[in-house]
Structure formats: C-alpha cells, structure tokens
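Using the hints provided, position chain E relative to the given structure of chain G.
Number of protein chains: 2
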Amino acid sequence: MARPAGVSGADTKQAIRAAAIQRIYRHGYEAMNLRGLAADVGLRVGSLHNYIPQKQEFLANLLDEIMTELLADFETHMAGVSDPQEALRQFVSFHVQWHTARKEEVFIGNMELRSLAPEQYARVAAKRKQYEKHLTAILSKGKKLGVWTIENPGITAKAILALLTGVSNWYRPDGSLSQPRLTKLYQLMVERMLRNP
Amino acid sequence: MARPAGVSGADTKQAIRAAAIQRIYRHGYEAMNLRGLAADVGLRVGSLHNYIPQKQEFLANLLDEIMTELLADFETHMAGVSDPQEALRQFVSFHVQWHTARKEEVFIGNMELRSLAPEQYARVAAKRKQYEKHLTAILSKGKKLGVWTIENPGITAKAILALLTGVSNWYRPDGSLSQPRLTKLYQLMVERMLRNP
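One line per chain: the protein sequences are G and E, in this order.
Take the first sequence: its position 85, counting from 1, is numbered 85 in UniProt numbering, and each next residue is one higher.
Take the second sequence: its position 33, counting from 1, is numbered 33 in UniProt numbering, and each next residue is one higher.
Bound conformation, chain G alone (with noise of 0.2 Å):
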C-alpha cells in the first residue's frame, strides 16, 4: 500500500506511534513485529526503518516521550497552586484523569521499562522518579504544616501512586460511574488516607 497523498512525514511518525503503541499493549514489545506495523500503517517495511532504525531505541524514545508529556501536562495543570491539600485533590484528579484516557501507553509505560537497555531505562526511570517526586514533596509539606499524619511519605507518594493508576486497570468511561464522580471517590479515599486524626 503506498502513502497516501497528501500524508506528511509528521502525520505518518504520528500513525506509526498510534499503531505501536496498539501493537505493545496487545502483544508485548518483543513480540512486536515490524513487518505487521508497517502494514497497519500503509508502508513497506524498508519504508519503516527510516523512521524506525533500531526497534529497541524506539520504544525507548516511546516510553521517554510518554513521561515527557506526562510531566509536562502536570506542569500546566498545577500551575498556580501551592497548598497541599488543593495540590494533593489537583494531583489526584490530574492523575486519574490522565490515566484513565491514556491507558495503553500507562500498562507499556509500566510494564515494558523490562525491555529497555540499562541507560535506557535509567533515562525514563528518572522522569518516573521526577513525577513520584512531586508527590511526594506535596505529602512532605503537608506534614510539616501539620495538616497531616504520614509516617513515611516516600512509601506513602508510592502507595498513592499505585491506587491511582489501578484506575486505568478497570475504569470504563462508558459505565455508569462517570470520571467526576470517580475522581471524588479517589480525592475522598486519599485525604482519608492521610488525616490528621
């Protein structure tokens, strides 16, 4: 199938990544068979190496880019705000809100870090590390202020982490729970979490 006319070189990186990342979250990175993403988007397979040269860096650059504009959506959502319980709700529903609609690239962000080389891996386990630390200074300033009781806040911004993700493993936008009710539960459920008793 030749590129349809009119297709630019962005449009086609931009398919291409759609159609890996549907790929990834089906079938596993490894199991990822370039000949069959290059026909889900049109091209031949030699066409397809000029985008992708070396399969293992581009799902590096895949899972990089997905924390960059993960961190980068963050940035604009907290914009402006300071307390930390406003920040700790703003975080919570950010958090959700992201994953629920990105959840192919949240399970291969998650699950393919296994399939990176070591400085690989390193690049992206830095952004996760960035993103999970500014919860964690949220918790942290929180409990200096006292409105809060947190033993650990580094074990905590983990926990907190994980129940919020654990959305985008059942959450079905279409069901009768709709995403602003869902997002209260989780703010309810996490300020509990930390009460000051």
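Hints were generated in silico from the structure; no laboratory data involved.
No experiment lies behind these values; they were computed from the predicted model shown.
Think of the CB as a built atom: it goes at the ideal place given N, C-alpha and C, for glycine as much as any other residue.
Be aware that a few hints might be false.
[Unchecked claim] To spell it out: a stretch of chain G is covered by chain E in this simulated footprint if at least three of its residues, at any positions, have a beta carbon under 8 Å from a beta carbon of chain E; those stretches are:
1) 27-35
2) 146-152
3) 155-162
4) 165-176
[What the hints assert, rightly or not] Some chain E residues close to chain G (C-beta under 10 Å, calculated; not the full set):
5) ARG26
6) TYR29
7) LEU71
8) ALA72
9) VAL167
10) LEU194
[Said to hold, decoys possible] Pulled a few chain E residues facing chain G out of the computed Cβ check, cut under 7 Å:
11) ALA31
12) GLU69
13) GLU151
14) GLY154
15) LEU163
16) GLY166
17) LEU185
Chain E alone, transformed into the frame defined by chain G:
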C-alpha cells in the same frame, strides 16, 4: 541435554513452570519461544510438547493455578478471623507478603490476561473477582457495623488491592525496610483510609 537421571515427571513439570514464569516475566508470553524454554530445562522440543501440547492453554492453566494457590493460601491465612478490623489487617498482611514473595507471578497474572482466549479469560477473571469479593465483604461488614466510613465498598476494594499490589513493583526484601515494617505501614494507611471520623 538429556533429563538428569532420577528426575520425575512432576519435577520436570515444576522446572518447566519455573522457567516459563521467568521467560514470560522477562520477555512476555507472546515472545516466549518453546525451543528456548526446552533448552532452559534440558529437554528436546519434542519432549516439551508432552508437557505443553498447546502454548495458550499452558498460559491459561498457569494463570488459573496462580489464582487457585492465592485463594487457597488466603483461606488458610484467614481461618478463624471474623472481626472486620482484624480481617482487614490480616488481608493487608497476607496480600503484601504474597505479592512481594511471588512478584514474577503477580506481574504475569496482571499482564498476560490479554493473551487468553475469551473462555480462558473468564475462568481466571472469575477467580480474581472471587478474591476481590473477599475484601469487599470485609469492607461491607465493617461499614454495616459502623466501624468505617466507606462510600463504595466495591471501588474501595479495587483501590486497596491496587495500592497493596503496588509493593511488588518496588519493594526489595534486601533493602532497608523490613517486611514487618512494610506491612505495618500499609495496615496503617489502609485503616486510616476507612476511618470513621
């Protein structure tokens, strides 16, 4: 490589299971190569075929067995516990211990559900639901007795399961945090999440 003398069929089955878990954990089910798996356990591919006539059915049985073992271990652990607050503490302790001790199986169990045929998926999913319902029942009982504030026991159970399962992603038994201390921190967080104000 021939099978070492004195190794029984049951031992071989166990060795195949252990090697398959490592392969699926590291590379994913679809990338699991039966030739490589045979080599891992010192069998010819033809002999491995006696143990694994069909790859997908092997995966389905593996995921089913993991859930069967989890449910059996859980029943043993919870024998005689009826008070919901004690039951919750025991649930947390059981789940954290099991999910740190068997993190490869936990990872596979969550990730490779996608690789099952619909009827295989339904079989495993029913056992996962059964486990979740044990927790929902504990929460509902505590809510009914007025010991906890819980808006939605079903969603709260999902949230607690995700929070607890998260430990399998980061906890290292050889790190500075002991397993009893880890369990205690998670018991505190979960209890606080449900506390009656």
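Hint by hint, here is what the structure shows:
{"no.": "1", "hint": "27-35", "result": "holds (count 5)"}
{"no.": "2", "hint": "146-152", "result": "holds (count 3)"}
{"no.": "3", "hint": "155-162", "result": "holds (count 7)"}
{"no.": "4", "hint": "165-176", "result": "holds (count 5)"}
{"no.": "5", "hint": "ARG26", "result": "holds, 6 Å"}
{"no.": "6", "hint": "TYR29", "result": "holds, 7 Å"}
{"no.": "7", "hint": "LEU71", "result": "violated, 20 Å"}
{"no.": "8", "hint": "ALA72", "result": "violated, 24 Å"}
{"no.": "9", "hint": "VAL167", "result": "holds, 8 Å"}
{"no.": "10", "hint": "LEU194", "result": "holds, 7 Å"}
{"no.": "11", "hint": "ALA31", "result": "holds, 3 Å"}
{"no.": "12", "hint": "GLU69", "result": "violated, 21 Å"}
{"no.": "13", "hint": "GLU151", "result": "holds, 6 Å"}
{"no.": "14", "hint": "GLY154", "result": "violated, 10 Å"}
{"no.": "15", "hint": "LEU163", "result": "holds, 4 Å"}
{"no.": "16", "hint": "GLY166", "result": "holds, 2 Å"}
{"no.": "17", "hint": "LEU185", "result": "holds, 6 Å"}
When held up to the earlier numbered hints, the structure conflicts with 7, 8, 12, 14 and fits the remainder.
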